[in-house]
Amino acid sequence: MFYREAGDFKTNYAADNQTFPIKIDRKGYYVVLAFAFLVVPFLINDYWANAILLPFLIYSIAAIGLNILVGYCGQVSLGTGGFMAVGAYACYKFMTGFPEINIFFHVLLSGGVTAFVCVMFGLPSLRIKGFYLAVATLAAQFFLVWLFNRVPWFYNYSASGQINAPERTVFGFPVTGPNTEAWAAYLFCLVFLVLSALIARNLTRGMAGRKWMAIRDMDIAAEIIGVNPLKAKISAFAVSGFFVGISGALFFALYLGAVEVGEVFGINKSFLVLFMIIIGGLGSIFGSFAGAAFLVLLPVVLKVVGVDMLGWPTDIVAHLQLVIVGGLIVLFLILEPHGLAQLWRVTKQKLRLWPFPH
Amino acid sequence: MSTQDSYVTDDGRTIGPTVMEMKNITLRFGGVKAITDISFDIREGEIRAIIGPNGAGKSSMLNVISGFYVPQEGEVWYKGAKRPPMRPYQVAQQGIARTFQNIALFEGMTVLDNVMTGRIRQMTTGLLGQAIWKGKAEREETENREAVERIIDFLEIQAIRKTPVGRLPYGLKKRVELARALAAEPSILLLDEPMAGMNVEEKEDMSRFILDMNDEFGTTIALIEHDMGVVMDLSDRVVVMDYGKKIGDGTPTEVRNNQAVIDAYLGVAHD
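Protein chains in written order, with our numbering: chain A, 1 to 358; chain B, 1001 to 1271.
These are computed hints drawn from the structure, not numbers from a lab.
Positions of the beta carbon are idealized from the N, C-alpha and C atoms, including for glycine.
Just to be clear, a hint being listed does not mean it is correct.
[To be verified] Selected chain B positions facing chain A (Cβ under 7 Å, derived; list incomplete):
#1 1104
#2 1107
#3 1128
#4 1129
#5 1154
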């Protein structure tokens, strides 16, 4: 009743191949885009930006990146934290080394650098699969964090070993540094997220995505029908690294402003992003968004309910939060192993007929 | 009749010159000889069957053709040139497509995506072009979709286009796999037991598809099959293998009357 596709006929293949083939989806998409770009910047304040919106936007980019590698191409990676660190440190080096270039390009270039590093660590994937590959990428995680901790060149020989984002502007408005306004940082991240999602969607609905999924589903058959496994895997690592690098750069420059690598980009970050795509749905762009939103929002919601509404002590709520998040993840995976994206698909299927299922 | 001359069959199809020739192929796995000194050719436009009892080396032969195994001895000649040892994906890019005895589809993808994957050879837009989508990538996607839809129509799988392959029954999966191989517009199509595990009606359907493919698209087909009735009806020429050796080669009638073939299939008294 609320969700219908009756009478929504396609007359050419381009219309059938579009991102949102159903009219109501398409309308919803434009409404969300307009709301995000035109309304939210006027409503946003520092709390909303720092607690919810910025982490959501940035983790969504990371989740899209990891989803391409794990969900679409089937190459398990536990190195996301390390690759985000590459993006962050590359961005820092670009920002301090070439201050005259706009930060927009710094972030893009950081993505490029991370793509390269990711490909280097992805080369073993040609020989090893599954859990063994996961362990190999774990090496990347530890090696990269060690590298950024131990080689002073990466943090410009600063005494604290931290990296701090200097102030940079876009169209005269600061987007990094202490003078940044919430809406500027939000819009900057939003632009990157929208671009990332569009690119990821275009790649996954075309031949590149089909090659990745072929490798994921049955690599021998993929090779027999003409997929070059080297190229397919390497391109997945490159595209994934590009997005993860962008998210790392944004995480450092816009969200945190100052980073100590072991603390921020440790193994926990790798697991967090991996959980996001597992909960959201492997092999789905929407799932990347849903998973990121779920894991960013859940602690905030629990804190609001526990501390603000029920008046419990903060430390108890903080501990309960871990228990509840963990429990929910387990429960969720038992009930819907294909994630929020599948839940959404099932809901749409039901809504199509609701309230007259026969 | 020289092997380079075209000739017309009784039912009016034109069989062209040799497109692939296997010369003295020997394939060993350690001490086991899977294929011993086998030579045969495949001519353009014909349906070539490879038969033999279990373990005769038929599938190994197909794997040699599709580049999966590299024979220790012998040469593979394709379109008049000796083929260097190459990876399976390079063989596929030369225009040799195949199906598998145990279905090898991409279970997580829809039927449409599976068949579209067969068009790798025809879709060449780079990663950057695909990321932008508008322009070359979209045009290419639409053109190839049209070609794929023709094949989907031909194999009568329109209704399951958007269904994930994992949900399909066995018979349909076999058909989707055939569609994927056919989508590549191959010079040679290799079918590894296309009728294994099917009932009589499904076998009839599949036989009809194979004949129509050969007739309408002019596809050269090499197939392995155990159902003798099907093989004798479909094929123009038959290679018979037993214990890795070739024991017969010729038209179905010739093969049927070959004493070595009868011995291999019916057994022979050793006294």
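Hint by hint, here is what the structure shows:
{"no.": "1", "hint": "1104", "verdict": "holds (4 Å)"}
{"no.": "2", "hint": "1107", "verdict": "holds (5 Å)"}
{"no.": "3", "hint": "1128", "verdict": "violated (10 Å)"}
{"no.": "4", "hint": "1129", "verdict": "violated (9 Å)"}
{"no.": "5", "hint": "1154", "verdict": "violated (17 Å)"}
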